[in-house]
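K.L.:
Chain residues, written in single-letter form:
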Amino acid sequence: MTLATHYPILQVVIPLLAAPACVLLKNPRACWLLTMLVMLVSLGIAGQLVWQTSESGVISYAIGGWAAPWGIEYRVDALSSYVLLIITTIGALVLPFAARSVADEINIKMQYLFYAAFLLCYTGMLGITITGDAFNLFVFLEISSLSSYALVSLGKDRRALSAAFQYLIMGTLGATFYLIGIGLLYMMTGTLNMADLAERLPAVNESRTVLTALAFLTVGISLKLALFPLHSWLPNAYTYAPSAVSALLAGTATKVAAYVLLRVLFTIFGVDFVLGTMPVAEILIILGMAAILIGSMVAIFQENLKRLLAYSSIAQIGYIVVGISLGTVTGLTAGLVHLFNHAIIKSALFMAIGCIIYRLNSVLIGDIAGLGKRMPWTMAAFVAGGVSLIGVPLTAGFISKWYLVLAALDKGYWPIVVVVLAGSLMAVVYIWRIVETAYFKPYNGPASISEAPLTMLIPTWLLIMVNFYVGIDSSLTAGIASKAAAQLLGVSP
Amino acid sequence: MNDLLGLYSYWIVIVLMMAGFYVVISSSNLIKKIAGLNIFQTSVFILYISMGKVDGGTAPIVVEGSSNAIYSNPLPHVLILTAIVVGVATTALALALVVRIKEAYGTVDEEAISESDNEL
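Going line by line, the protein sequences match chains A and B. Each residue of the first sequence is one higher than the last, beginning at 1 in UniProt numbering. Each residue of the second sequence is one higher than the last, beginning at 1 in UniProt numbering.
Hints are computed from structural coordinates only; laboratory data are not their basis. Be aware that a few hints might be false.
[What the hints assert, rightly or not] Distance condition first, Cα-Cα at most 30 Å in a straight line; then the derived DSS-like pairs of lysine-lysine:
hint, chain 1, residue 1, chain 2, residue 2
1, A, K411, A, K483
2, A, K109, A, K26
3, B, K53, A, K109
4, A, K156, B, K102
5, A, K109, A, K156
6, A, K156, A, K26
7, A, K483, A, K156
8, B, K102, A, K26
9, A, K156, A, K373
10, A, K483, A, K373
11, B, K102, B, K32
12, A, K156, B, K32
[What the hints assert, rightly or not] Which stretches of chain A does chain B cover? Using the computed rule of at least three CB atoms under 8 Å from a CB of chain B, they are:
hint, segment
13, 129-142
14, 153-160
15, 163-171
16, 181-190
[Claimed, not checked] Non-contacting residues of chain B with respect to chain A, defined by C-beta distances greater than 12 Å in every case (computed):
hint, residue
17, G6
18, F21
19, G56
Since we're looking at a predicted model, the values are computed, not measured. Virtual Cβ for every residue (Gly too), placed ideally from N, Cα, C.
Extracted from the complex, chain A is given alone in its bound form (with noise of 0.2 Å):
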């Protein structure tokens, strides 16, 4: 028994530990050192964790000692490896730039508890991924939707509040029905463990108690997800958060979502059952490629910055889902590569707007007219991010639409690749909107204004060059990706 047998309990449980140490440290520089250090073990931790499953595959974690089907199992192989990669990396650059942002954003003595409240958020995101326990998943999912309702609500703007609790109805209610459809498929298979239940489904796949499990899951993760038409909370919750809590949750908790959709269908249900007999994909299909027509439309006509992206997000969203429900490897491929993609890309940005509130104290497009003479760095990370989100070569977002555009070809779904391009057309039109603005215009705010400080500098560009390094090597994340998307379906062992 080494320490590194026990990588899987320590990535959830360092920063569990950490974020009561928060509330009792109290001082905002003492939480945000305490914070940085889990950030940077859980980083270093999940890349074990990705080398360990690529090295010698499936690892499994029986907690407590007790063996899988009674206890709790934690269970990572490549897909899980490769979303909690996701989540620290996220986490390890939103910190360094949330000191400076959250200082100038919350008031001082609540500092400490954004600490705590981040680390829980962290761990639950942590936790979801590596949990091989269906209800164990259910428990990690509440623990990282209630500390993000707090964290939204810490906004400055008294609109965060209602925004946080949009956000908790809606989030309670998608998470109850997950919980329904666990108990219903626990009624018929009398087990929690993903793998044991996968196992048992098929002898009671006819019955309509597993199909109505399907349905209030499937509707319960599209919640979370924000899957059009259920994404009313995600607008607000991401325009009126502090800067650093739309970048994390930007980056994390809807990828997060996408992989507890993933695990149901294909861990869970199994790709025959749910793509074959269930109308699932056409569903998800058609929903996905609405949510990226949609979100895309509603983005060009946003003023606030914030509310743009997040409708742009709702767009991403649905071309990670329109790839999942492809149920092909490549299809899966795309959805997956797509799903490391947005949320770098989406990190970025939300961290350069929040080095644009930062200096102006204000989202408005109509506020950033010349800035780009005034902020230069600020302004090439967002530029670079959105031409990113377009999907132009030599940018991690030309990768993933790449792959999403083969599988639909792949299977001869034409229209699939129509709305793509449709998609990146309105991209191009609500990107250029704010380049024009940003360049073309003369500048008329402050003269007082000056480029952004280099703590939140250096993270957003480290971000923006992750996102070019992905998009001109694409051999790390496709590689990892296609691999569990090979182990999702089946194909290999």
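Following the hints, put chain B in place on chain A, whose structure we already have.
P.N.:
Only chain B this time, still in chain A's reference frame:
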């Protein structure tokens, strides 16, 4: 007919679930929304507890000398204890948010809140 009545606890679940869900969607008073959410969650608690019942089963306590007694399934009860705790936490957070909303807006009515936001 017997089947329909025999499963009465599930009928209660469905009625409560729909009633709670309806209140969450239709009411514009935030406190009432929380109450509806609670009713909705409670219906799920009953769903879980009903499924743990085994015909003729007793409480799952092992007593010496009665090795072939039939026990009810205790696992759903344990699960739902966790879910109840989660529900309490959610309600507490929701109420705390309502207190802050009342301080900021002077009302707990959803329509009045969005009206006062639109005036800005």
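K.L.:
For each hint, tell me whether it holds in the structure or not.
P.N.:
How the hints compare with the structure:
Proximity of K411 of chain A to K483 of chain A is assessed by CA-CA distance (about 20 Å); at most 30 Å being required, the pair is judged to hold. Taking the CA atoms of K109 of chain A and K26 of chain A, the gap is near 8 Å; set against the 30 Å cutoff, the hint holds. This hinted pair does not check out: K53 of chain B and K109 of chain A have alpha carbons roughly 49 Å apart, beyond 30 Å. Straight-line distance between C-alpha atoms of K156 of chain A and K102 of chain B comes to about 16 Å, which keeps the hinted pair within the 30 Å bound.
Proximity of K109 of chain A to K156 of chain A is assessed by CA-CA distance (about 14 Å); at most 30 Å being required, the pair is judged to hold. Restraint check: the Cα-Cα separation between K156 of chain A and K26 of chain A comes to about 21 Å, which is no more than 30 Å; the hinted pair holds. Only pairs whose Cα atoms come within 30 Å are accepted, and K483 of chain A paired with K156 of chain A is rejected, the gap being roughly 43 Å. For the hint pairing K102 of chain B with K26 of chain A, the CA-to-CA distance comes to about 27 Å; that is within 30 Å, so the pair holds.
Of the supplied pair hints, the one linking K156 of chain A and K373 of chain A holds, its CA atoms being roughly 28 Å apart against a limit of 30 Å. This hinted pair does not check out: K483 of chain A and K373 of chain A have alpha carbons roughly 44 Å apart, beyond 30 Å. Under the criterion of a C-alpha separation no larger than 30 Å, the hint pairing K102 of chain B with K32 of chain B is consistent with the structure, at around 14 Å. Restraint check for K156 of chain A and K32 of chain B: satisfied, since their Cα atoms lie roughly 26 Å apart, inside the 30 Å limit.
Check result for the segment 129-142 of chain A against chain B: holds, 4 residues qualifying (beta carbon to beta carbon below 8 Å, three or more required). Against chain B, the segment 153-160 of chain A contributes 3 residues with a C-beta closer than 8 Å to a partner C-beta. That satisfies the three-residue criterion, and the hint holds. Residues of the segment 163-171 of chain A lying with their CB closer than 8 Å to a CB of chain B number 4, which satisfies the three-residue condition for coverage. Here's how the segment 181-190 of chain A fares: 3 of its residues keep a CB closer than 8 Å to some CB of chain B, so the rule of at least three is met and the hint holds.
Separation of G6 of chain B from chain A is adequate, the least Cβ-Cβ distance of about 16 Å exceeding the 12 Å criterion. Chain A draws F21 of chain B into its interface by the beta-carbon criterion, the shortest separation being 8 Å against a cut-off of 12 Å. Even its closest Cβ contact with chain A, about 18 Å, leaves G56 of chain B beyond 12 Å, as expected for a residue assigned away from the interface.
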